[in-house]
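Colleague: Starting from the given sequences, assemble the full structure and let the hints guide the process.
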Amino acid sequence: MSPRERSNVFTGLGFTSLWIVGLSVFTAYPVFASLYYSFCDYSILKSAAWCGLDNYKELFQDDLFWKSLSNTLFFTVLSVPLGTVVALALAMLLNCEVRGKPIFRVLFYLPSIVPMVASSMLWLWIFNGEYGLLNAGLNPILHLFGKSAPAWLTDPTWAKPALILMSLWGTGNAMVIYLAGLQNVPKELYEAAEIDGARGWRRFWHVTLPMLSPVVYFNVLMGMIAALQIFTQAFIISDAANGATGTFDGAPGRSLLFYTIYLFTTAFHDLRMGYASAMAYVLFIIIAALSWLATYLSRNRMDY
Amino acid sequence: MRFLSALTPRWFCGALLLLTAAVSHARADVVGRDGKIHVTYWEKWVSFEGVAMQTVIDAFNASQDRIVVDYFPVSQIDHKTLIATAGGDPPDVAGLWVQNIATFADAEALWPLDEFIQSDGMTTEAWLARYYPIFAKICSYRGHVYAGISTPAVIAFNWNRTLFREAGLDPDRPPRNLAELEEFSRKLTKRNPKTGALTQVGFLPQEPGWWPWIFADWFGGELFDGHAITCGTDPHVLAMMKWVAGVSKTYGADDLQTFASGFSGQLLSAQSSFMNGKVAMVFAGVWMDNYIHQYKPGLDYAAGPWPEAAPGITDFAMAESDVLTIPRGAKNPHAAWEFIKYANTANLHAQSREQLQGIELTCFLQDKTSPLREWSPYFTQHHPHPFIKVFRALSASPHAVCVPQMGIWQEYHREFTAAFEDVRLLHKTPEQALQYCQARMSASWSQYLLSLERHHQISPQVPAPTP
Amino acid sequence: MPLRSPAARFIIYSLLVGASVLFVIPFVWLLATSVKPLEQTMTIPPTWIPRAYFTELAGRRVEVTLDFKQTLSGAVVKLASGEHAGETAFFSDAQLATAQPAPTTLYRVQPGWWHVTEKVDRRSGEQHPAWAFVPDSAVHTRIVFRWENYPDALSRLDGSGDDRAGIMSRHHVSFWRFLGNSLIICVFGVCGTVISNAIVAYGFARVRWRGRDAFFAITLATMMVPFPVLMVPLYSVFKTLGWIGTLLPLWAPSFFGSAFNIFLMRQFFIGIPEELSEAARIDGCSEWRIFWRIILPLSKPVLATVALFHFLYAWNDFMGPLLYLTRKETFPLSLALQSFQSQVGGVEWHHLMAASAVTTLPVILLFFFAQKTFIRGIATTGSKS
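Protein chains in written order, with the working numbering: chain A, 205 to 508; chain V, 19 to 485; chain U, 691 to 1075.
Keep in mind that the hints were calculated from the coordinates and are not lab data.
Hints are not guaranteed to be accurate.
Output of the computed footprint for chain A on chain V, the stretches with three or more beta carbons under 8 Å from beta carbons of chain A [what the hints assert, rightly or not]:
{"id": "1", "stretch": "95-103"}
{"id": "2", "stretch": "119-131"}
Under the rule of at most 27 Å between Cα atoms (straight-line distance), these lysine-lysine pairs were calculated in the BS3-like manner [said to hold, decoys possible]:
{"id": "3", "chain 1": "U", "residue 1": "K809", "chain 2": "V", "residue 2": "K314"}
{"id": "4", "chain 1": "A", "residue 1": "K250", "chain 2": "V", "residue 2": "K155"}
{"id": "5", "chain 1": "V", "residue 1": "K314", "chain 2": "V", "residue 2": "K62"}
{"id": "6", "chain 1": "V", "residue 1": "K314", "chain 2": "U", "residue 2": "K990"}
{"id": "7", "chain 1": "V", "residue 1": "K62", "chain 2": "U", "residue 2": "K929"}
Pair ranges (Cβ atoms, derived) [claimed, not checked]:
{"id": "8", "chain 1": "U", "residue 1": "G749", "chain 2": "V", "residue 2": "T73", "range": "40 to 46 Å"}
{"id": "9", "chain 1": "U", "residue 1": "I960", "chain 2": "A", "residue 2": "A396", "range": "31 to 37 Å"}
{"id": "10", "chain 1": "A", "residue 1": "A396", "chain 2": "U", "residue 2": "F917", "range": "43 to 49 Å"}
{"id": "11", "chain 1": "A", "residue 1": "F349", "chain 2": "U", "residue 2": "G802", "range": "30 to 36 Å"}
{"id": "12", "chain 1": "V", "residue 1": "Q312", "chain 2": "A", "residue 2": "G256", "range": "52 to 58 Å"}
{"id": "13", "chain 1": "U", "residue 1": "S976", "chain 2": "A", "residue 2": "G450", "range": "53 to 59 Å"}
{"id": "14", "chain 1": "U", "residue 1": "Y797", "chain 2": "V", "residue 2": "A197", "range": "54 to 60 Å"}
Here the structure is a predicted model, which means the values were calculated and not measured.
All residues carry an ideal CB built from backbone N, CA and C; glycine is no exception.
Modeller: Next up, the structure:
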């Protein structure tokens, strides 16, 4: 290396020195330590004792592992597409020449920045089986058919759908991104499509969507990764709506036992940190696989 | 953003100072600036029990000037203590439940009290001998003393004398054995003549619903024999479950469900089955008196010994306790021990209310028995609880039983309760429910033992011979 | 997209208005509940506008709660004998006909009359507040917003609402303490984030050095690591440092950079023309001076975006405080709000909503002051994948 290059390396390392420390201490060390712990019997109060693949073997026979995984997948598979559709639909509506666009944009966006704890309390109240706002509106209609509204957060069948509905309230973030993406679609393309006679749905399918696809793919991927790690709202709502016992077992009937919650209680309530690390790595592999899949698919589809 | 362009070294120093200030004030100071040692005591109580304990704390603080105990009410105290201990920031004294001792001790989250007892010139045997045997057992685990008692609870048989009278039974004579229990229960059960629905029941195994496992011990069995899970192998446990199923069949499981829906699990509230005369006989603790005073002061009830279920055992009893422990890593363990010692000794010559001290003061104010063998004259004669003698006799019983001391009790309790529910609701036969519980818990228990072996906390287990 | 026909305009506008109503109703409900008295939070159908009801009881005009409407005709009587002698009760006409001995009638009650109870402060300890049956016409009503719910809720954030014995008064944690903790985490976190990520991103964007791109690729890769993987060892690291139980784990790491912010800032720095740096280098400026004097002042938009996002993230953060904090006096607002609701006994919805509204308010205010930064920031992050 020439002296110039060497001086550049020192400068570069100097500027990135903070990150070198941060990366090593707060990311690299934990990533490798976690892998090691996943092969150990580790509770932080006792030193780690090697146990090979025992944690992983136990994991695959653990009912609660599969239950939490299925709960999480159910939530992800429903909330991500629905959220995308809602966000896209709102963005498309706003993309029309409407008056008062800033006001609408604010109204749709605001819920997505409300602190999740406050949001959880609010929806806890809205979904209340007896006095909640939602049932106050649903019950009169359903009574006409001789049915009554579900108890939402205390009913194992309806607790996850309730959380999915709640997640739709926060799609404003994605909507803003899609709106920006829509506004970047060159007008010439639309004009060309019109000349070719494409209108409405066909124009959407053949012009808008392909132009938006990189943005959509990125956001769907990010949304999926976030949904797979759902924690705060489920943690708070499950306990609060079902007797506040402090057991965090995914009440009602374990329907709200999501993967990260099971991981957290295993690590910090049962102090089985080796087992929890094994769970964390399984999640890592799932996310890595999904990310690779999404990127692979998007590479085939993106065409411009 | 103008500050950025105006940034000079002065600003940097100022920011740095601010940062240091933030860092150094980040942790609460435990060793006080007033020259005294501050002991942090986390406890679960907020209401009358908390007031009682605060009185004892105030007395302790006033009795010497080296140590000051600070009482902090904390919710979910078992979780919080475990996490705090794991994080290296535990309280000095943690008020846990007896069922936490085995789990926490195995997790190495507790500081054994042996060294403190010995440094005071006592042997652990002498220390434990001051308690009734069952409470001595509660305080110790695997040969070490891990806890002191904050407030004990003994469970007795309670019955509603008014309902007894109405049914033509002698209000001062409780049933003496299972047969009489069933007979009295029949007489005390009433149904609505028009709808056939239950309006009053003599005895329900599902009330209060917090310790279904105790019935197994009551019948002479055990859920854990010290080495292995026995819920599915012990014939007495099976006999007990069959009895429970029998009760449900007699009254009708659906009828019972409807009947119990208004009060299930709420023995200590305004909806209480016992206090509202819905259930005439129930097992409840020495604490029941407090709640009756609060919700139904006029209730004419009595407490007495457990009916005989296991042949020959007429003095069966159940004991629980809230305990005081020192988490591992506590900053002031010696001062913590001083407080625990104070709260577990008493002035055994107390002749007046002012002379009550330590555990007797706590238990007097909380309307409970004292776990010590000896009681002071004032405590014995002027105790506010109307049935204190009954509870004292039960405490002293050689057949008193407490929670099995095993590290995975939380899980076992959950599984056994689920099995109990399945049998009670007639969803499974007793054999099925117990076999399921046995299988799951045996697997869990082996895993747990394996983990302890790996950490050299127990010697490698010889696998039990398969029958 | 231009809207050609009136039909299209109508459909689009109604969809937009309908959707915005759906999105806004929860907010309105939050605010409405927060200013109601407790009994009006639990009514079917729901009450939207809180009211106060007044009537004359025992010669005084008092505030009352409307409990239920009587459907039978009868009378309020004074019992002459039996267990409850001397007490007043309602007897329907059917009961009056058969009651022995006949109690004294105080006044008649018609169907449709309201049973009202005097509103007394729960803490005054009054066990038997005055009650009566009054006709509809005797009840006067006024719209009253119970703003006192807000200070009440905030003073009870530490859970002392349940504490009748006053035990916790020795350890009362005020709302300002919780707010202060939140602000410490957010403000220090923002400082650390802005400073450290700007410096690091400069190193990745404006300095050419061997290994830079490989290092950056590794940085990007770390964005894919989910937090649960880091959770346990991080906890162990903080325990060794003695930081568990303090606020440090929540803001100190931000002084050492984060992959996402490095990425964002690098994108921006790359867009600044290289000629500016070159000119400065020719003049003999060190890289640090170039960074400090030239690049940084030009980077206000991205600095604002990063600061804003981190503030939001830190204000919102629940899992971090849950992991590292056990003592109530160290809780930020997010954790205080959660433990506030998990108190034993019925949930006081009006207080919970008031406290939730207060936690949300700063974020909403921040949004209105920094709207452009928000929108621009999100649009940028979303588009650059």
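Colleague: Decide, hint by hint, whether the structure agrees.
Modeller: Structure-based check of all given hints:
1. With 4 residues carrying a beta carbon less than 8 Å from a beta carbon of chain A, the stretch 95-103 of chain V meets the three-residue requirement, and the given coverage holds.
2. Check result for the stretch 119-131 of chain V against chain A: holds, 3 residues qualifying (beta carbon to beta carbon below 8 Å, three or more required).
3. Restraint check: the Cα-Cα separation between K809 (chain U) and K314 (chain V) comes to about 25 Å, which is no more than 27 Å; the hinted pair holds.
4. A hinted pair counts as satisfied when its Cα atoms are at most 27 Å apart, and K250 (chain A) with K155 (chain V) qualifies at roughly 26 Å.
5. For the hint pairing K314 (chain V) with K62 (chain V), the CA-to-CA distance comes to about 25 Å; that is within 27 Å, so the pair holds.
6. With a CA separation close to 69 Å, the supplied pair K314 (chain V) and K990 (chain U) exceeds the 27 Å bound.
7. The suggested pairing of K62 (chain V) with K929 (chain U) holds, with an alpha-carbon distance near 25 Å, which does not exceed 27 Å.
8. Checked against the hint of 40 to 46 Å, the C-beta distance between G749 (chain U) and T73 (chain V) comes to roughly 44 Å, which is consistent with it.
9. Between I960 (chain U) and A396 (chain A) the beta carbon distance is about 33 Å. The supplied range of 31 to 37 Å therefore holds.
10. The beta-carbon spacing between A396 (chain A) and F917 (chain U), approximately 46 Å, falls within the hinted interval of 43 to 49 Å.
11. A beta carbon spacing of about 31 Å between F349 (chain A) and G802 (chain U) agrees with the range 30 to 36 Å that was offered as a hint.
12. Distance hint check for Q312 (chain V) and G256 (chain A): the Cβ-Cβ separation is about 56 Å, which falls inside the suggested range of 52 to 58 Å.
13. Distance hint for S976 (chain U) and G450 (chain A): a CB-CB separation of about 57 Å, consistent with the stated range 53 to 59 Å.
14. Judged by the Cβ atoms, the range 54 to 60 Å given for Y797 (chain U) and A197 (chain V) holds: they are separated by roughly 58 Å.
Hint 6 alone, counting from the list given before, is not met by this structure.
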